Structure formats: structure tokens, C-alpha cells
Amino acid sequence: MQPAETVQDISAGESMPLLIKRAKARLLRMHYEAGVGHIGGNLSCLDVMLTLHHRVLGEEDMFVLSKGHAVGALYVVLWSQGVLSDEDLRTFHVDGTRLSGHPPVKGIPEIAFATGSLGHGIGLAAGVALGKALLSLPGRVFCLTSDGEWNEGSCWESLIFAAHHKLDRLTIIVDQNGLQGFGSTREVAGIAPLADKFRAFGIPAYEIDGHDPEAIEQGLREASRHGPAAVIARTVKGHGVSFMENRMEWHYLPMTEAQYLRALSEI
Amino acid sequence: MRDVFCRSLVKNSGRPQFVFLTGDLGFRALEPLREAAGSRFINAGVAEQNMISVAAGLAKSGLRPWAYSIAPFIYARPFEQIRNDLCLPDLPVVLVGNGGGYGYGVMGSTHHALEDYGTLLTLPNLRVFVPAFDADVSSMIDALMDFPHPAYLRLGLSELPANFTPTNYSAWRRLLTGNGPTILVTGPLAGGLVANSLRLAESERPSLWLVSELPIDEVPEEFLNDLDRSSHLIVVEEHVAQGGLGQMIGHHLLLHGIAVPRFTHHCAKGYISGLYGSQKFHRKECGLDAENILAEILTGA
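Sequences listed follow chains A and B, in order.
The working numbering applies: residue 419 is where the first sequence begins, and numbers increase by one.
The working numbering applies: residue 1018 is where the second sequence begins, and numbers increase by one.
Careful, some of the hints might be misleading.
[As the list claims (entries may be wrong)] With a cut-off of at most 20 Å between alpha-carbon atoms, the simulated SDA-like pairs for lysine to any residue come out as follows:
(1) B:K1077 - A:K439
(2) A:K524 - B:K1286
(3) A:K439 - A:R473
(4) B:K1028 - B:D1159
(5) B:K1077 - A:S535
(6) B:K1077 - B:R1045
(7) A:K524 - B:P1165
(8) B:K1077 - A:R473
(9) B:K1286 - B:P1141
(10) B:K1286 - B:A1093
[As the list claims (entries may be wrong)] In silico negatives: residues of chain A with every beta carbon more than 12 Å from chain B:
(11) Q499
(12) G519
(13) K524
(14) A530
(15) S535
(16) K550
(17) E570
(18) E575
(19) D586
(20) E640
[As the list claims (entries may be wrong)] Quick list of the computed label-pair ranges, beta carbon to beta carbon:
(21) A:N569 - B:N1242: 34 to 42 Å
(22) A:N569 - B:D1107: 24 to 32 Å
(23) A:E477 - B:N1242: 56 to 64 Å
Because the hints were derived from the structure by calculation, they are not lab data.
For clarity, every value in this text was computed on a predicted model and none was experimentally measured.
From the three backbone atoms N, C-alpha and C, an ideal C-beta is built for every residue, glycine too.
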């Protein structure tokens, strides 16, 4: 067993690939120690979330995690920023933790909203974007959704609202890993091509490689200049771990010790 | 009440934190507010789930949003958004439902709200305001402007009798004294009960109590004294029994070890005949009309 990384190991000037590697190791360790699943959808969006937080978000900006089941990745991002300690991460899923299995209502000010039921984040983010505009406050809002989440009608309600009110501070990110709860997005309720649908709603859509930090940074910066806009990040569920990649069961399963060690060796 | 509601909001629309959302309703009622509030009046379209999430986001930015629709559409359609986005984080958003109970009459069951406050009061942090008279609306709005929690304001039509002036607004009020049973009512039904009770001699007249904020927290001593004297509590509400005022007061009294020898509950009972009509029609079918309630008192039924 390797010792856990501490936040001091991660310097501000560290390259994104190295930062991602370390965060990924910490994410795997956290899920392994907690004995919980959801690792697949956390691995798919970790690169985007890390790059967003370390390279794009400013102090006045807000992040809304609409795919609340990826809160593990968010906890690790907050750990990488020094907001959460290594000790905090060890409490993940443990009785009495602040770190619930979906974003908590209170206790971590950096987490704006208690999501976890899909289809809420865009409306919440749209409200913040509108509020900032009405109050002439600075800052942008970035909202990360899953791709299966777009089955929810409320997402489309919010998209119409964002386009109609020209919420230029709002950037929507889709973690397009192609898998959802009980099948692939294609099998369950196909909505491809998503980018065309966004464009038809009046929302510019940028398609990027969701595992290329430079492409992520560039795409997010570009999209946020043309908000309300969407960035569709093409990702791989379970990214970086061969036996997890594109496998639906890693939405749910905890890792055995052997699987954990193999996963660590691969990233 | 909707006109008073609109006027009271117009008066407050210049507040820096004020913002109003409507789910595309308010024709021939809210136009003055739209004029007065300008960019702070937002028609969120026929999309109540989004409207509530947006309201939560606005509140998170530091605003004090009001979200309006007709009663069933403001509480039932976006229930999960109310729970997750407003109540769990305790954000100060006022939900306004027009036409509580059978208010939309012959428009039919989809437009009625017979279980609104009972449902909403299962959620944390939320407080319900049920005005009975027009004057209550402006008092409530003044209070709600600075209310730091989620709230639900259930509007209806005031039925205040012309010859009666209620005491100033408070959450609990005794509208009439009498030596008959003790009535506890919420909402506009109070008006009809006042009008019909005033025709009775004091010996038969009920002591009539109006409660306008829920859940019940403190019960006035005078109400308990009335109850002790009369030994008969009659609860009247345009809401189903489950989760309603009757259950709330019963629960409160039991918790405090107060026995009520006789308890009568007049409440909404859905659609007994399966036929539709005005608010008055539906009330009558449920035995919720004041004439029936008072007749029962006189006959001792």
C-alpha cells in the first residue's frame, strides 16, 4: 500500500499531466479505502474538473457539479487545492463524515449546491449567472453535467432559459462518456448528436478531447467567452484503468485490493 | 387577494434584493408588477422545475426571489427542486401559489391544490402562510420581504364580510367569541364562518380562531382556555385531512397532554360525486361550506 499523497506534494506550478496523475491516484485510493463505487464516472471527468479548477476558474467564478455522483472527483480537486485535507478524504463514506456520497448541503463552502438528483445543476447555475448579472457582480459559472443526465427534461428547460436570457456568464460542460445507469447512452435514449441539439437551442457547442488538459483549458476558455455555451468533453468512463474503461459495472462496483493495485500501476 | 399581492409587491419592487419569477402566469393581474420591477420581473416560461432551480441560484447570489404560479404548479411539479434546491440548503425563496384548495373551481382537479401545505410542510425549514383576508396579504408580504427561510404563500379569494373588521394580523387570532364550540380555521373559509356565526346568539356562537401560519409552533393560552370550556374542537380547512391543520393541531394537543373530548374535522374530500363545479360547489360537496358547519353546531350533529 502506498502512502496517501498530501496536498503539499502538489505545487501550483506543477504540470497538468502530473497533477492529474497524482489526483487520479488519490481518487482511486479514496474509493478503494471507502469500498464504494462510482469510480468510472469520476475518472471520466477528473481531468476536466482538475483543469477547470487549476487553470480556468478565478476567485469570483463558481463551479456547479450537476453530476453529483462524481463528487469523489470534486473532493479530490478540493484536496489538490488545499481546501480538503488528506484526513478529510479518509472520512469519505465513513459514519460522521462531511464528505457524503453526493455533494453535501452544508459543511464545505466551496460546494455550492447539494446535487445528486440529475437535472438540477444547469438551472441552479443559470440562477447564479442571472443573479450575478442583476447585481452587477463579477464572475462566471461553470456547470458540469453527465451525458445521460440530458435524458432529464429539466436540463432542456434550463437550456431554453439560459439561451433566452443570454446568460453569457454560463458555461455548460458535458462529460460525454457514453455510458449511463443501465446501458450506453446510445441504447437507453439516444440523443446524439448532442452538439447539434445545443446549437439548435442557440447554444454554441465546442467538442473537445476530455482527457487532453490543453484542449480542455482552451475549450473552456473559448466557450466562456461566448456564453452561454457548452463544451462537450469526449471522455472515457474509467479512464486510464484498462479493466474499467467503457465498462458499465464501474459505475457501481468497489475495487478489490488486487484491482486497486493494478489500477494504480496503470495510471 | 391577487391584486393586493401585486400592489404590495409593487411597493417593495425597488428593494435591491427583489426579484420576481413567474411560470408564465399572471395575465390581467401582474402587469403592474412587470412594469414596476423591470429587469427584476422574469417570466421563466412554462418550466416550473427550472424556475425553482433558477430561484435557488438567484438566492445563492444574494437576491430574495419570489416564484409565482397557480398553486398546483408551484408546489407539485417542481417538488424535488423545492426539496433539494430550496429547503435542504434553507434558501430564502418565497413560493406563491394562487388559488389554494378548490380555488380554480370548474377548471378541474389538475388545477386544484388540496394537499399543498401538508406536502410542503414535510420539508425542512419551510413555513407556510395562508392569508384569510386581503389585509393579511400585505402584512405577510412585509414580513416575507426579510424572511430568511423558504416560504409558501397560499393565495385565495378574501371572503371578509362587509360588516366585520378583523383584528390586526397575527399568526393566531380570535375572530369571534362565543359559548359554543371552538372552531379553528385557516384561509378564506374564515370569512363565511364569521358571517354565519354572527347571526347566532352568543350562547350558541362558536369561538372562532384563525391560524394563518403553519406549522403550528405555539398555541395561545386563550385558545386552550376556549377549548377547555367548550370541550369541542372543530377544525375547518380547504385541504385534505392528511397533513392538514386538523392533524397538526391534534398532534400538538396530544404532545402536550391536552385531551379534547370531541373533535370534528371539516376538510377537502376530493371529488365525491365525480362532478365538477365552482369552488362553492366543491366546498358544499365536502360539507366545507359555512352554512353546513354552523347547521351542524345548532343540531349538535
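Hints and how they fare:
{"no.": "1", "hint": "B:K1077 - A:K439", "verdict": "violated (34 Å)"}
{"no.": "2", "hint": "A:K524 - B:K1286", "verdict": "violated (40 Å)"}
{"no.": "3", "hint": "A:K439 - A:R473", "verdict": "holds (16 Å)"}
{"no.": "4", "hint": "B:K1028 - B:D1159", "verdict": "holds (10 Å)"}
{"no.": "5", "hint": "B:K1077 - A:S535", "verdict": "holds (19 Å)"}
{"no.": "6", "hint": "B:K1077 - B:R1045", "verdict": "violated (31 Å)"}
{"no.": "7", "hint": "A:K524 - B:P1165", "verdict": "holds (16 Å)"}
{"no.": "8", "hint": "B:K1077 - A:R473", "verdict": "violated (25 Å)"}
{"no.": "9", "hint": "B:K1286 - B:P1141", "verdict": "violated (27 Å)"}
{"no.": "10", "hint": "B:K1286 - B:A1093", "verdict": "holds (18 Å)"}
{"no.": "11", "hint": "Q499", "verdict": "holds (21 Å)"}
{"no.": "12", "hint": "G519", "verdict": "holds (15 Å)"}
{"no.": "13", "hint": "K524", "verdict": "violated (7 Å)"}
{"no.": "14", "hint": "A530", "verdict": "violated (6 Å)"}
{"no.": "15", "hint": "S535", "verdict": "violated (6 Å)"}
{"no.": "16", "hint": "K550", "verdict": "violated (6 Å)"}
{"no.": "17", "hint": "E570", "verdict": "violated (9 Å)"}
{"no.": "18", "hint": "E575", "verdict": "violated (4 Å)"}
{"no.": "19", "hint": "D586", "verdict": "holds (15 Å)"}
{"no.": "20", "hint": "E640", "verdict": "holds (24 Å)"}
{"no.": "21", "hint": "A:N569 - B:N1242: 34 to 42 Å", "verdict": "violated (58 Å)"}
{"no.": "22", "hint": "A:N569 - B:D1107: 24 to 32 Å", "verdict": "holds (30 Å)"}
{"no.": "23", "hint": "A:E477 - B:N1242: 56 to 64 Å", "verdict": "holds (59 Å)"}
The structure does not agree with the numbered hints 1, 2, 6, 8, 9, 13, 14, 15, 16, 17, 18 and 21 stated previously, though it agrees with the rest.
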